[in-house]
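S.K.: For the protein sequence lines, the chains are C and P, in the order given. Numbering that gives the first Met the number 0 applies: residue 0 is where the first sequence begins, and numbers increase by one. Numbering that gives the first Met the number 0 applies: residue 0 is where the second sequence begins, and numbers increase by one.
Mixed in with the good hints, there may be bad ones.
Copies of the same chain are indistinguishable here, so a pair counts whether it falls within one copy or spans any two.
In silico SDA-like cross-links for lysine to any residue, where the CA-CA straight-line distance does not exceed 20 angstroms [stated by the list, open to error]:
1) Lys267 <-> Gly137
2) Lys267 <-> Val429
3) Lys267 <-> Leu345
4) Lys267 <-> Leu347
5) Lys267 <-> Val297
Source of the hints: derived by calculation from the structure; they are not laboratory data.
Protein chains: 2
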Amino acid sequence: MDSTTAQQLALAELVELAQSDLAQGWTERLASALAELHPAEVAGLLEGMPPEPRRATWELVPEDQRGEVLAYVHDEARATLIDEMQPEELVEAAEQMDDEDLAEVLDVLPADLTETVLTALEEDHRRRIEAVLSYPEGTAGRLMSTDVISVRADVTLAVVLRWLRLHLRLPPHTDALMVVGDDGRYLGKLDMGTVVTGDPDSLVADVMEPAAELARAEATESELAALFERRDLISVAVLDAEDRLLGRITIDDVVDVIREEADRRLLKSAGLEEEEDLFAPVIPSARRRGVWLGINLVTVFLAAWVIGRFEDALEKIVALAVLMPVVASMGGIAGSQTLTLTIRGLALNQIADANLRWLLLKELGVGALNGLVWAALVALVAWLWFQSTGLAMVIAVAMMLNLLAAAFSGIAVPIILHRLGIDPALSGAVILTTVTDVVGFLSFLGLASLFLL
Amino acid sequence: MDSTTAQQLALAELVELAQSDLAQGWTERLASALAELHPAEVAGLLEGMPPEPRRATWELVPEDQRGEVLAYVHDEARATLIDEMQPEELVEAAEQMDDEDLAEVLDVLPADLTETVLTALEEDHRRRIEAVLSYPEGTAGRLMSTDVISVRADVTLAVVLRWLRLHLRLPPHTDALMVVGDDGRYLGKLDMGTVVTGDPDSLVADVMEPAAELARAEATESELAALFERRDLISVAVLDAEDRLLGRITIDDVVDVIREEADRRLLKSAGLEEEEDLFAPVIPSARRRGVWLGINLVTVFLAAWVIGRFEDALEKIVALAVLMPVVASMGGIAGSQTLTLTIRGLALNQIADANLRWLLLKELGVGALNGLVWAALVALVAWLWFQSTGLAMVIAVAMMLNLLAAAFSGIAVPIILHRLGIDPALSGAVILTTVTDVVGFLSFLGLASLFLL
Chain C
0 MDSTTAQQLA LAELVELAQS DLAQGWTERL ASALAELHPA EVAGLLEGMP PEPRRATWEL
60 VPEDQRGEVL AYVHDEARAT LIDEMQPEEL VEAAEQMDDE DLAEVLDVLP ADLTETVLTA
120 LEEDHRRRIE AVLSYPEGTA GRLMSTDVIS VRADVTLAVV LRWLRLHLRL PPHTDALMVV
180 GDDGRYLGKL DMGTVVTGDP DSLVADVMEP AAELARAEAT ESELAALFER RDLISVAVLD
240 AEDRLLGRIT IDDVVDVIRE EADRRLLKSA GLEEEEDLFA PVIPSARRRG VWLGINLVTV
300 FLAAWVIGRF EDALEKIVAL AVLMPVVASM GGIAGSQTLT LTIRGLALNQ IADANLRWLL
360 LKELGVGALN GLVWAALVAL VAWLWFQSTG LAMVIAVAMM LNLLAAAFSG IAVPIILHRL
420 GIDPALSGAV ILTTVTDVVG FLSFLGLASL FLL
Chain P
0 MDSTTAQQLA LAELVELAQS DLAQGWTERL ASALAELHPA EVAGLLEGMP PEPRRATWEL
60 VPEDQRGEVL AYVHDEARAT LIDEMQPEEL VEAAEQMDDE DLAEVLDVLP ADLTETVLTA
120 LEEDHRRRIE AVLSYPEGTA GRLMSTDVIS VRADVTLAVV LRWLRLHLRL PPHTDALMVV
180 GDDGRYLGKL DMGTVVTGDP DSLVADVMEP AAELARAEAT ESELAALFER RDLISVAVLD
240 AEDRLLGRIT IDDVVDVIRE EADRRLLKSA GLEEEEDLFA PVIPSARRRG VWLGINLVTV
300 FLAAWVIGRF EDALEKIVAL AVLMPVVASM GGIAGSQTLT LTIRGLALNQ IADANLRWLL
360 LKELGVGALN GLVWAALVAL VAWLWFQSTG LAMVIAVAMM LNLLAAAFSG IAVPIILHRL
420 GIDPALSGAV ILTTVTDVVG FLSFLGLASL FLL
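Please build the complete structure, drawing on both the sequences and the hints.
M.R.: Spelled out as structure tokens, the structure:
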């Protein structure tokens, strides 16, 4: 891989070339290409590699760039990289990182290593990190940067400008300065645009935004994501319970939260852990996923037990065994559509008591309408296949019942789970398909036992 | 609902109160509360309502705020609001909107209304909108704002500052100014921090960032989302093929793209359309979802047909009918775990030819390991239930085979779909469960026919 072309390549091609360089032992060439790449790209490259080449490539990343690369690596792969580092290397990397990134890294370290890194940092840096680490994971306090520029309300813009000029550089993404009172209380924000375009003689108090959005240190990541997304923000002030300014959260960290939330929702729906690394080794992967398979096994044996209650009917009419998956499966599909919409509505906070009845009636209507259409078609196919009017009628009614049950539980299951404080994205689908399997088998085989035997 | 308390409420409570105000005919009280709310909150409130109250509430939003509210409403609900507006109202709303928001609104209007709105706009505004509209939907050109401040490279920072002071206000989220040459070609960006803290006598050319990130007008939304997320950007310049500066894209619009992409992925996995509104009426909802049910019906009849090939075995051993869903279902769950990871890996661009073999072997390993564990357990349960060693052995082998097939197709199906240019998030799960159903029934019933009859 050539260092000049490396910068124009898509990630997958980069992975391709890096692995071929490694395979051919061209480590020097790869090392110089890595040194030229943006740390974000190096992070992507490492994430796109199995453990062995990932380790080899990480060894080739220049030590003075590792901190920056680690900051860009997503949670799931970060731990595997840190495992490879010596304490001295970690300290060097820590010195290059922002507060919030370093806090994330320290989180996954064993306690003694955290201590080593913290004591090696400069007094000031260490104190800032310790402040951030004192807030629980997943809160605004943990996500904030304490590297903030704050100004007084009683000075003029000219003074602010002169004072800013004393800084060599502003913290990244400074779209506004924070205005604080004598007692450290947050008063509002002063837009950088105003600093530049405003009349130099005007007072900060007169041109600042007093009622700007803000976040409390204990706000959750999802609340922050909703706030930033709704209000199109770049940064917000983080305050403690007494309105004192603690730090600032910027959109780039919130973008990571949004991505991680979406990711978590997707992975959870398949019973995967949020930190699942595509390139994790076999045994831990198998163990993590096995739990989900075990839960599913219980529910599928419940369905099998329901079927077992109708051995008699199945023995007499073998067509029942052939057709029963149709009823169960159609219910599962229809139910998962309703479930997905309900889970999204809950996430967007759109489901209130006042509209619940409307929603339920609508979904039952959709279920009934699709039930009619597809029950008729399934009945026709069943009749053509097995030449039995009774069977055709039984499957049609069973299908109707199952689509209505699917619509009802597609709304009820996630809402009940949500009220119980359980995330419906994780267990909603399992419970729902258990319902549609059981109702599907029970109604089809039950009706057949009643009317066809 | 009281206008002062309204601002402190969570969205679901807001919906609750607004609907109770409507039900009791307190429209004036609701109208004054709406006038006090942030337009983003009004947007959320409207999205959380069924069609009837949504329409009634929309009527109460002050006309001079409708443009801003429309800009915050997500795509799925926006169309229902626009339908309610008179052409004059649309024109007034259009005048309050940013280029990129207005372009999105114009997209859903009938051609004659678009014409009416465009001709009513000021010359300058219209020309900007037409430029944005000339790019296809889903590209950087369509997402950009043409409201950009650009400066020359050969002036000093003092000149830039003086010149900025002539503006009453900067465009929102101006973290950097764009530097262009005499011919309109983009040269780089000048950080606002540098403008403020830099030496006033230094030349722009000497303090700008020449190799800053940029986007071509034809770049796709997902490429932009990846760029912003990877590089922690606030804004990028949008250029045409000749490097001329066309506009600027800011992170707030990209956050919407990221949210919509995640949403689309989630909805697609249940065969729902990306613009599905939780409160859409019954008939169109039923029609949209019916398509997916129809596709599923074909695949489940395929599975039923496979079962039908073994009527003979099913007639003789009724336990086969009871246990067959276990084999199929476990394969489906294991396969969907692999599928989810592969789809995510493809989205993150982590799957390259060089690591494909490693991945496949890993997933087969996970499948084999979990296959062994759960096959043993299932065999034990089957043996306890039906007291047949043959049946227990047959189900164990079938389960092993199906988990291996699930691992293989969890990797192969999405990769093949991706290479064919089909989004695996939509059809991957259907194809996968068809494979695991067919392999599950075929291996279990087939082995039973061979060894147990």
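S.K.: Are the hints correct? Go through all of them and say.
M.R.: Right, here's what the structure says about each hint:
1. Lys267 <-> Gly137: within (17 angstroms within a copy, 28 angstroms between copies)
2. Lys267 <-> Val429: both (11 angstroms within a copy, 19 angstroms between copies)
3. Lys267 <-> Leu345: both (16 angstroms within a copy, 18 angstroms between copies)
4. Lys267 <-> Leu347: both (18 angstroms within a copy, 18 angstroms between copies)
5. Lys267 <-> Val297: Only inside one copy: Lys267 and Val297 sit 19 angstroms apart there, 28 angstroms across copies, limit 20 angstroms.
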